[in-house]
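Participant: So the chains spell out like this:
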Amino acid sequence: MLVLSRKEGETLLLGDDIEIRIVRIDGDHIRLGISAPQSVRILRGELLADIRGETVSAAIPEGAHARQLLQLLNKQTQSVSAKS
Amino acid sequence: MTTTALEDTKILRLPLVPQQLYFAAGLPPFVDARTYRLHVEEDAPAFLRMECIDTELAFVLIDPFAVSGQYRPEFSDKDIEELELQSADKPLVLAIVNLSRGVREATVNLAGPLLINPKNGKGKQVVLVNAAQYSVRQSLT
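Residue numbers (numbering that gives the first Met the number 0), protein chains in the order written: chain L, 0 to 83; chain V, 0 to 140.
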């Protein structure tokens, strides 16, 4: 991994069309400004881990259990729509 | 409970739903579970059940546009290319429902949906380009 030191207001260029600017440093917070093409996905690193964790949490170990859950879920959504 | 083949049902009102899906990268971290079958239950027509054909692994899915009328997912060019989606193709988008906290606490992952090419059944769990706008745990009820 390349490690660089930058000061407030300084920039980094990634390839031809991505610029990262250190907008402000405030204690343990760094504000970054990023200029990149629309097609470049910019995410907080935690989001990917969150999505994977959510897939694990949502996984149902047996198909039969999934059917039972769907029956319960259907009752639940019907009762909600009946009330509204 | 009766299981109906997707071709036989109109209840989902989705344009074209392949019965078998192939995820080349699995659904991370389940990278070895690649081939799934889709089922719709007559008793729960708003949902789809997706079962892995190789292992005992299943997911409950929902049409995310039915969850939020404001849902405007943006996909990366790389994801579109991987699934061989042509610009004229309308991709199928399905979201994973999490029932692990009980059906009353059901949530939907709108930030990381399944993007599917309805023509060849190829799918991928993607992270939306505009993922920051959507919740990983959007309440369903």
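If you are wondering where the hints come from, they were derived from the structure by calculation, not from laboratory data. Some clues are possibly wrong.
The calculated DMTMM-like cross-link candidates involving lysine to aspartate or glutamate, where the alpha carbons are at most 25 Å apart (straight line), are [to be verified]:
#: 1; chain 1: V; residue 1: Lys-121; chain 2: V; residue 2: Asp-53
#: 2; chain 1: L; residue 1: Lys-74; chain 2: V; residue 2: Glu-104
#: 3; chain 1: V; residue 1: Lys-77; chain 2: L; residue 2: Glu-53
#: 4; chain 1: V; residue 1: Lys-89; chain 2: V; residue 2: Glu-104
#: 5; chain 1: V; residue 1: Lys-77; chain 2: L; residue 2: Glu-18
#: 6; chain 1: V; residue 1: Lys-77; chain 2: L; residue 2: Glu-45
#: 7; chain 1: V; residue 1: Lys-77; chain 2: L; residue 2: Glu-61
#: 8; chain 1: V; residue 1: Lys-77; chain 2: L; residue 2: Asp-49
#: 9; chain 1: V; residue 1: Lys-89; chain 2: V; residue 2: Asp-53
#: 10; chain 1: L; residue 1: Lys-74; chain 2: V; residue 2: Asp-42
#: 11; chain 1: V; residue 1: Lys-121; chain 2: L; residue 2: Glu-53
#: 12; chain 1: L; residue 1: Lys-6; chain 2: L; residue 2: Glu-18
#: 13; chain 1: V; residue 1: Lys-77; chain 2: L; residue 2: Asp-15
#: 14; chain 1: L; residue 1: Lys-74; chain 2: V; residue 2: Glu-41
#: 15; chain 1: V; residue 1: Lys-121; chain 2: L; residue 2: Asp-16
#: 16; chain 1: L; residue 1: Lys-74; chain 2: V; residue 2: Asp-62
#: 17; chain 1: V; residue 1: Lys-121; chain 2: L; residue 2: Glu-61
#: 18; chain 1: V; residue 1: Lys-77; chain 2: V; residue 2: Glu-104
Participant: Going back to the hint list, which numbers does this structure go against?
Facilitator: 4, 7, 9, 15, 18
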